[in-house]
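Enquirer: Next come the chains, spelled out residue by residue.
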Amino acid sequence: MSASTLTKASKEGQTRVGRWLEERLGISGIRYAVPEHANSLPYLLGGVTLFGFLILIVTGIYLAQFYNPQPTGAHDSVVYIVTGVTLGDLTRSIHFWTAQFVTLTALLHMLRVLFTGAYKRPREVNWYVGLGLLAVTLGLVFTGSVLKFDQEAVEALQHNAETAAILGALGAWFSAEFSRSVPLLTRLFNGHATILPLLFTLFITAHVYLIKQHGISPKSDPQAETLPTSGEGRSRFDIHLKRMVGYGLLTFGAVLALSLLFPAPLGQPGVAGVELTKPWWMFLWLFPAEELLGSKALIVVPAVLGGLLALVPILDRSRYLAPKRRKSLLSGAALIFVVIVISGIVAALQPVAQHLG
Amino acid sequence: MKKQLISFLILFVALALTPVGLALAHGEPVIAVQPTIVAAGEEIIVIGAEMEAGEAFVITLEGMTDSILLGEAAVVEEGDDGSFEVTFTIPADTPPGSYTIRAATDEETAVADVTITAPVEAHTDNQSAPAPEPSAAPLDLARPQSTAQNVGVIITALVSLGLGLWLVRR
Ligand code: HEM
Numbered sequence: 000m001s002a003s004t005l006t007k008a009s010k011e012g013q014t015r016v017g018r019w020l021e022e023r024l025g026i027s028g029i030r031y032a033v034p035e036h037a038n039s040l041p042y043l044l045g046g047v048t049l050f051g052f053l054i055l056i057v058t059g060i061y062l063a064q065f066y067n068p069q070p071t072g073a074h075d076s077v078v079y080i081v082t083g084v085t086l087g088d089l090t091r092s093i094h095f096w097t098a099q100f101v102t103l104t105a106l107l108h109m110l111r112v113l114f115t116g117a118y119k120r121p122r123e124v125n126w127y128v129g130l131g132l133l134a135v136t137l138g139l140v141f142t143g144s145v146l147k148f149d150q151e152a153v154e155a156l157q158h159n160a161e162t163a164a165i166l167g168a169l170g171a172w173f174s175a176e177f178s179r180s181v182p183l184l185t186r187l188f189n190g191h192a193t194i195l196p197l198l199f200t201l202f203i204t205a206h207v208y209l210i211k212q213h214g215i216s217p218k219s220d221p222q223a224e225t226l227p228t229s230g231e232g233r234s235r236f237d238i239h240l241k242r243m244v245g246y247g248l249l250t251f252g253a254v255l256a257l258s259l260l261f262p263a264p265l266g267q268p269g270v271a272g273v274e275l276t277k278p279w280w281m282f283l284w285l286f287p288a289e290e291l292l293g294s295k296a297l298i299v300v301p302a303v304l305g306g307l308l309a310l311v312p313i314l315d316r317s318r319y320l321a322p323k324r325r326k327s328l329l330s331g332a333a334l335i336f337v338v339i340v341i342s343g344i345v346a347a348l349q350p351v352a353q354h355l356g
Numbered sequence: 000m001k002k003q004l005i006s007f008l009i010l011f012v013a014l015a016l017t018p019v020g021l022a023l024a025h026g027e028p029v030i031a032v033q034p035t036i037v038a039a040g041e042e043i044i045v046i047g048a049e050m051e052a053g054e055a056f057v058i059t060l061e062g063m064t065d066s067i068l069l070g071e072a073a074v075v076e077e078g079d080d081g082s083f084e085v086t087f088t089i090p091a092d093t094p095p096g097s098y099t100i101r102a103a104t105d106e107e108t109a110v111a112d113v114t115i116t117a118p119v120e121a122h123t124d125n126q127s128a129p130a131p132e133p134s135a136a137p138l139d140l141a142r143p144q145s146t147a148q149n150v151g152v153i154i155t156a157l158v159s160l161g162l163g164l165w166l167v168r169r
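Protein chains in written order, with numbering that gives the first Met the number 0: chain A, 0 to 356; chain B, 0 to 169.
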């Protein structure tokens with residue numbers, strides 16, 4: 000490093016530590032321009048989701064020290080985490096509530112991207128990376144909810160086995176017969192703690208790289224057209240980052256309050272072959288469809304929805320961002336959204352139904 | 000700057016090596032269990048080393064929910080150090096699972112892992128455990144209630160919310 004850059008670096012950081020860090024890490028490099036509208040909550044939902052994932056990683060690593068992924072020991076080990084491990088109940092509750100938030104913010108983030116047309120050229124590929132992240136997120140929720148091996152988990156596993164059977168060779172990984180040496184629960188734990196987090200890391204790296212590459216999409220004003228905006232705008236990324244962390248901390252505060260008031264639930268040890276519980280909200284809406292179409296609905300409905308989401312950047316290729324100029328796509332999406340919500344409400348009110356067998 | 004870095008590195012290495020130093024200086028007791036996988040009702044040998052002759056260790060078998068007292072082991076002199084080798088029987092009704100064997104005096108403790116499997120012989124009384132009733136009810140858990148912890152959580156939540164609000168409004 001030349002003398003002049005050294006002086007420049009030492010001027011930018013104010014404290015000694017700041018200067019030391021600046022010289023070695025060049026942190027001031029994140030002070031690039033970003034558009035002002037990117038600092039509003041709808042445009043920070045992705046960042047809040049990412050913040051939530053960091054909480055999940057830390058709490059998940061702690062829980063994994065005490066969780067026993069063997070079918071004979073799983074439920075007992077969760078009881079032990081709650082009753083015997085230092086901060087175990089709290090850590091588990093934070094993990095549980097953060098997972099609920101992260102799923103919600105990821106979905107809202109996707110709706111924001113959909114509503115503002117942020118998936119348009121040149122951001123189509125990042126939309127697909129985002130769909131990958133959504134699949135990973137839902138995969139994490141599903142595998143995570145099975146691990147506690149209570150009644151609800153065993154029922155989820157039964158649905159898992161049924162859909163695996165329908166999928167045939169494609170579903171082989173999800174069936175108990177796939178591996179004689181490792182129980183299905185243990186393999187799902189591997190999925191939850193190793194395979195899916197690895198995929199998440201790959202996808203989020205690509206996601207963030209592409210965001211930096213294209214810049215945040217322009218504000219969806221009536222006349223706005225889709226453009227790359229990298230390095231443009233009147234705000235700066237360090238301000239954007241502070242906001243992101245700010246909303247992240249607000250979420251964390253709420254998660255702590257919920258953990259204290261409503262600790263993560265655990266049911267009785269699971270007994271296979273009956274259906275007494277309902278799944279969590281992110282899967283619950285599927286159940287009226289299952290009633291109508293049988294178990295195959297659990298594959299057909301998500302596959303159709305995923306397919307429609309994949310079609311979005313292909314169907315809507317105009318350069319306009321304003322929702323008013325994309326009425327047909329958005330009303331179609333709104334219709335589907337309403338059906339999903341009604342489905343969820345119906346499922347929540349219905350008595351538990353026997354689907355299995 | 001260079002000096003600062005070097006002193007930081009020295010401090011870091013020193014801190015990292017502290018436990019090793021302590022262990023070497025005091026000769027921390029260690030135990031081993033043979034075999035490491037044993038069926039309930041069978042015997043294990045617990046071997047202790049790096050101990051002081053004359054000490055008596057209490058040996059317990061600790062599971063996820065409870066701990067079973069196996070017995071005591073008296074340390075005998077062997078060379079510079081003391082050691083013991085004692086055989087215990089794992090109670091036949093111990094549920095299969097992962098356990099730790101703990102050898103402890105008032106000041107010192109050493110642990111080793113052991114996995115217990117189902118008893119080798121089938122129950123002769125022909126009484127299988129009653130099949131559990133499936134239930135959707137939540138489990139009645141004895142969640143630990145600590146006021147200090149709750150206060151800590153509330154303070155952390157408030158700090159987090161305050162800091163969050165401050166960052167969002169900047
Ligand atoms: C599940 C985890 C996800 C994380 C952590 C994440 C993270 C982020 C972040 C931090 C941004 C920057 C802007 C913002 O926060 O709005 C962003 C932008 C974006 N995300 Fe995501 N995302 C996720 C899922 C998704 C999903 C499900 C989709 C859509 C299928 C998606 C599509 C996009 C697109 C197209 C952009 C660019 C938006 C623009 O330029 O305005 N992401 N994401």
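Calculated from the structure, these hints are not laboratory results.
Be a bit skeptical, because a hint or two may be false.
For each label pair, taking beta carbons as the anchor points, the in silico distance ranges come out as [said to hold, decoys possible]: (1) B:R142 with A:G131: 50 to 56 Å; (2) A:R15 with B:P94: 29 to 35 Å; (3) A:R179 with B:D112: 24 to 30 Å; (4) A:G131 with B:P34: 18 to 24 Å; (5) A:V16 with B:V150: 29 to 35 Å; (6) A:L169 with B:T104: 37 to 43 Å; (7) B:E61 with A:L166: 41 to 47 Å; (8) A:L328 with B:D112: 23 to 29 Å; (9) B:D112 with A:I194: 22 to 28 Å.
No residue lacks a Cβ here, since even glycine has one placed at the ideal position from N, Cα and C.
Enquirer: Output the indices of the hints that this structure fails to meet, ascending.
Expert: 1, 2, 4, 6 and 8
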